[in-house]
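Student: Going by the working numbering, the residue at position 118 of the sequence shown is 118; the numbering climbs one at a time, nothing skipped.
No lab work stands behind these hints, which were simulated from the structure alone.
Watch out, some of these pointers could steer you wrong.
To be verified - Here are the simulated lysine-lysine pairs, DSS-like style, with alpha carbons at most 25 Å apart:
hint: 1; residue 1: 6; residue 2: 77
hint: 2; residue 1: 70; residue 2: 33
hint: 3; residue 1: 70; residue 2: 7
hint: 4; residue 1: 33; residue 2: 6
hint: 5; residue 1: 116; residue 2: 77
A quick note: this is a predicted structure, and the numbers were derived from the prediction, not measured.
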Amino acid sequence: MTAAEKKADAKAQYNAFLAACPSQQLLGRVSGKWVTLVLSALGSGPECDGDPRSMRYSELGRVLAGVSPKMLSQTLKSLERDGLVRRTATATVPVTVTYELTDLGLSLHQTVRQIKLWSENNRDEVARQQRLFDAAAR
1 MTAAEKKADA KAQYNAFLAA CPSQQLLGRV SGKWVTLVLS ALGSGPECDG
51 DPRSMRYSEL GRVLAGVSPK MLSQTLKSLE RDGLVRRTAT ATVPVTVTYE
101 LTDLGLSLHQ TVRQIKLWSE NNRDEVARQQ RLFDAAAR
């Protein structure tokens, strides 16, 4: 069996339910709260108009209420490392830095956006279910 065939065979056997599976590790990285919100913001913009766009770091910080500068920087660096976000620095005074989704990031965006929308649309029902559960547990 050639090396390429071995690699293809191993990839076909990815199973995120197994602890050693590389896809499980990736799943953990792309499912975090700030990752989800950054991908959603870059994929739809703050107005959620559906058009992917580039955003400056400060704009992302304003859109993502509650994110610390350190967490935003770490999240963007992680997304850039994973090939989901492209960072572009333009030589101006001061330097202008923008972030945008790559093709790989765009391929994940629709799924992430659906999770965000589900959360917004179902938060009240989840809170109601939590109250019912807590009342029954007393």
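Student: Now tell me, hint by hint, if it's right for this structure.
Tutor: Okay, the hints, checked on the actual structure:
For a cut-off of 25 Å, the pair hint linking residue 6 to residue 77 is broken: about 31 Å separates their Cα positions. For the hint linking residue 70 to residue 33, the alpha-carbon distance of about 15 Å falls within 25 Å, and the restraint holds. Between residue 70 and residue 7 the CA atoms are separated by roughly 37 Å; this puts the pair beyond 25 Å, and the hint is violated. A threshold of 25 Å between alpha carbons decides the hint, and for residue 33 with residue 6 the separation of about 35 Å lies outside it, so the pair is violated.
Distance hint between residue 116 and residue 77 is fulfilled; the C-alpha atoms sit about 22 Å from each other, no more than 25 Å.
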